[in-house]
Amino acid sequence: MSDPVAELYAAVEAASGAVREGGETGSSRPTLERPPKPEFGDYSTNAAMLLAPTLDQKPRDVAERLAVELTERLGEGLERVEVAGPGFLNLFLSDQWYRRASAELLAAGEEIGRRAAEETGRVLVEFVSANPTGPLTAAGGRHAAYGDSVVRLLEFAGRGVEREYYVNDAGGQMARFAASIGARMKGEQPPEDGYEGEYVIELAGKLEAEGLAPDDLDALERRGATLMLDEVRGTLERYGVEFDSWFSERSLHDAGKLDAVLDDLREAGHIYESDGATWLRTTSFGDDKDRVLLRAGGEPTYYLSDIAYHRDKLERGFERLIDVWGADHHGHVGRMKAAMQALGRDPEVLELVIMQFVHVIDPDGRSQMSKRKGEFVTLDELLGDIGTDATRFFMLQRSHDTTVDLDLELARRISNDNPVYYVQYAHARIASILRKAGEEKVEGALAADPTAVSEPVQQAEKELLKRLCELPGEARDAAERRAPHCMCTYAMATAADFHAFYRDCQVVGAGGEGVEGSRLALCTLAKRAIVRTLGLLGISAPESM
RNA sequence: GCCCCCGUAGCUCAGCUGGACAGAGCGCCGGUUUUCUAAACCGGAUGUCGCAGGUUCGAGUCCUGCCGGGGGCGCCA
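Just so we're aligned, residue 2 is where the first sequence starts under this note's numbering, counting upward by one.
Since the hints were made in silico from the structure, they are not lab data. Quick reminder that beta carbons are idealized off the backbone N, C-alpha and C, glycines included. It is possible that part of the hints are untrue.
The list that follows gives simulated cross-link-like pairs (lysine-lysine, DSS-like), each with its CA atoms no further than 27 Å apart [said to hold, decoys possible]:
{"hint": "1", "residue 1": "Lys338", "residue 2": "Lys258"}
{"hint": "2", "residue 1": "Lys207", "residue 2": "Lys187"}
{"hint": "3", "residue 1": "Lys38", "residue 2": "Lys463"}
{"hint": "4", "residue 1": "Lys314", "residue 2": "Lys290"}
{"hint": "5", "residue 1": "Lys442", "residue 2": "Lys467"}
{"hint": "6", "residue 1": "Lys59", "residue 2": "Lys38"}
{"hint": "7", "residue 1": "Lys463", "residue 2": "Lys442"}
{"hint": "8", "residue 1": "Lys338", "residue 2": "Lys290"}
{"hint": "9", "residue 1": "Lys338", "residue 2": "Lys314"}
{"hint": "10", "residue 1": "Lys38", "residue 2": "Lys467"}
{"hint": "11", "residue 1": "Lys467", "residue 2": "Lys437"}
If you anchor each label on the Cβ, the simulated ranges turn out as follows [what the hints assert, rightly or not]:
{"hint": "12", "residue 1": "Asp450", "residue 2": "Ala85", "range": "28 to 36 Å"}
{"hint": "13", "residue 1": "Asp62", "residue 2": "Glu514", "range": "43 to 51 Å"}
{"hint": "14", "residue 1": "Tyr303", "residue 2": "Gly122", "range": "27 to 35 Å"}
{"hint": "15", "residue 1": "Ala214", "residue 2": "Glu376", "range": "26 to 34 Å"}
{"hint": "16", "residue 1": "Tyr303", "residue 2": "Ala85", "range": "56 to 64 Å"}
{"hint": "17", "residue 1": "Glu444", "residue 2": "Asp418", "range": "31 to 39 Å"}
{"hint": "18", "residue 1": "Leu228", "residue 2": "Glu274", "range": "33 to 41 Å"}
{"hint": "19", "residue 1": "Gly206", "residue 2": "Thr490", "range": "40 to 48 Å"}
{"hint": "20", "residue 1": "Glu199", "residue 2": "Asp406", "range": "21 to 29 Å"}
From just these sequences and the hints, can you work out the full model?
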């Protein structure tokens with residue numbers, strides 16, 4: 002076990018159990034948290050306040066009894082425990098606890114922060130999935146960074162995960178795209194609802210040079226999509242996002258999957274005809290109205306493709322499907338869940354993450370990105386201006402349900418102010434210290450037994466060590482909540498704790514028996530933690546800056 | 001009209017399944033370099049956590065109703 006905090010928590014739960022004496026279990030589990038003030042100790046728990054009602058005793062009295070139990074269980078790891086406020090238990094940990102924690106973190110090696118897998122089962126994360134009708138926009142960059150990081154978090158949590166890009170290479174949008182290319186080839190404006198972006202003109206020129214005819218819309222559609230998709234692939238590669246599969250919507254049509262799923266739904270009695278169209282009775286499953294699967298003209302809707310697609314995912318053996326969708330698709334959530342039920346599946350296995358927009362700030366104010374209108378900042382532009390690391394951090398810092406404002410001017414300016422450099426700088430500083438100490442010294446420090454040191458542990462060392470101990474819990478929470486932004490916050494806090502440690506504690510040449518060694522070990526731990534944290538965000542950790 | 005997201009310091013946002021006087025970054029003011037990277041550190045200022053009720057020993061966090069901003073309600077995707 003390389004998780005000292007989990008051990009502390011286990012002790013709190015055990016003490017709780019002992020005091021409860023088999024009585025009723027409270028509805029919520031006790032907390033173990035870093036209290037807001039140093040006077041409140043290293044960790045505190047609300048266990049007594051949770052137990053008090055079920056025991057019908059005063060919280061502070063329960064706390065006193067818990068304190069006795071905890072003292073017994075934690076032994077010399079505990080310096081003292083205090084009952085405070087309405088019934089909090091404040092734990093003050095001994096230097097010995099910190100040395101032991103250090104030893105445990107060291108034992109984890111490069112796997113620092115990893116916990117034993119709690120869930121298994123393969124997961125498919127589908128994200129970006131932008132139409133191949135134009136370049137990736139900044140919004141695509143947000144989706145890509147998010148989806149990729151969620152996959153990294155899940156992998157780290159021990160799950161088998163794959164990344165998939167669904168290519169909408171069929172349907173009405175593609176037809177409009179082809180028509181727009183054709184129009185540009187003839188020197189005309191794109192049709193209404195067409196794609197007005199400049200890149201279409203460029204694309205038209207390219208296709209013309211290849212000898213395609215402006216009226217051969219089918220060829221324009223296929224070739225145009227291929228070229229756009231190649232561009233998207235290139236951008237994602239530069240961005241460090243690698244998909245395991247690119248799933249073509251067209252391939253579903255070609256394989257007859259739409260007809261197959263339609264037949265099955267019909268057989269299950271969920272389908273009816275009306276106004277010449279074919280409908281799925283989604284209202285049976287909580288949707289507010291029924292949805293069309295086949296238009297009056299017999300053309301399948303995107304919805305039908307999507308049902309066939311999701312069934313295909315399940316047939317490929319994934320036990321959990323995570324789709325990252327833009328906010329403009331949130332209206333589809335209900336019907337997609339309904340479709341899962343219509344297929345006789347548990348709608349819970351399908352998880353839909355709705356990503357809020359990226360707004361572009363221009364001098365006139367905010368404008369939403371529109372690929373059709375050609376108003377957007379491309380991901381390539383961002384990568385050119387501020388690079389992959391800064392872009393990723395910027396995109397991941399905010400929770401997925403918060404709108405991100407992107408001011409390109411600011412983004413360029415922000416480059417050096419981007420918090421990612423703060424974190425990377427901490428890493429580079431550590432690397433510099435370790436270089437100065439030399440390999441031999443560092444290896445010796447890592448091989449030594451931290452618990453053998455008797456010099457006092459400085460406050461800054463304790464703070465840093467506590468932060469490092471949080472990594473397993475943070476990474477697990479971030480994975481479970483599909484919330485990479487938590488890792489950004491953690492990275493900042495870890496870097497800040499390191500910088501404070503750097504200020505207060507000399508490492509190389511530090512006096513005191515074993516002090517230099519234990520600090521080199523601490524530096525190594527911090528370095529590993531930062532590498533891990535940034536790695537989960539898909540961001541590099543440079544050895545020097 | 002119905003549904004989703006947001007409303008926390010001048011700005012951009014954290015705040016985990018409710019917990020102890022509300023945090024970070026940026027910006028602003030002042031300070032720190034014979035010592036391992038000053039892309040750093042230290043100090044200072046600023047908040048009716050949109051409003052009103054409710055649940056609770058305790059609410060920024062949960063419930064209800066409003067107000068404000070964004071988005072969605074297609075036989076487009």
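Status of each hint after checking the structure:
1. This hinted pair checks out: Lys338 and Lys258 have alpha carbons roughly 19 Å apart, not beyond 27 Å.
2. Note on Lys207 and Lys187: the hinted pairing holds, with a Cα-Cα distance of about 13 Å set against a maximum of 27 Å.
3. A threshold of 27 Å between alpha carbons decides the hint, and for Lys38 with Lys463 the separation of about 14 Å falls inside it, so the pair holds.
4. The suggested pairing of Lys314 with Lys290 holds, with an alpha-carbon distance near 26 Å, which does not exceed 27 Å.
5. The suggested pairing of Lys442 with Lys467 holds, with an alpha-carbon distance near 24 Å, which does not exceed 27 Å.
6. With a C-alpha separation of about 24 Å, the suggested pairing of Lys59 with Lys38 holds against the 27 Å cut-off.
7. Annotation: proposed proximity of Lys463 to Lys442 holds, straight-line Cα distance about 22 Å (limit 27 Å).
8. Between Lys338 and Lys290 the alpha-carbon distance is near 13 Å, which keeps this suggested pair within the 27 Å criterion.
9. Only pairs whose Cα atoms come within 27 Å are accepted, and Lys338 paired with Lys314 is accepted, the gap being roughly 14 Å.
10. Distance restraint check for Lys38 and Lys467: the Cα-Cα separation of roughly 14 Å lies within the 27 Å cut-off, and the hinted pair is therefore satisfied.
11. Under the criterion of a C-alpha separation no larger than 27 Å, the hint pairing Lys467 with Lys437 is consistent with the structure, at around 26 Å.
12. For Asp450 and Ala85, the hinted distance range of 28 to 36 Å is satisfied, since their beta carbons lie about 35 Å from each other.
13. In this structure, Asp62 and Glu514 meet the distance hint of 43 to 51 Å, their C-beta atoms being roughly 44 Å apart.
14. Tyr303 and Gly122 have their C-beta atoms about 29 Å apart, which keeps the hinted 27 to 35 Å range intact.
15. The beta-carbon spacing between Ala214 and Glu376, approximately 30 Å, falls within the hinted interval of 26 to 34 Å.
16. Look at Tyr303 against Ala85: about 58 Å separates their beta carbons, and that is inside 56 to 64 Å.
17. Checked against the given bound of 31 to 39 Å, the beta carbons of Glu444 and Asp418, roughly 37 Å apart, stay inside it.
18. Judged by the Cβ atoms, the range 33 to 41 Å given for Leu228 and Glu274 holds: they are separated by roughly 40 Å.
19. The hint said 40 to 48 Å for the Cβ distance between Gly206 and Thr490, and at roughly 47 Å that hint holds.
20. The beta-carbon spacing between Glu199 and Asp406, approximately 24 Å, falls within the hinted interval of 21 to 29 Å.
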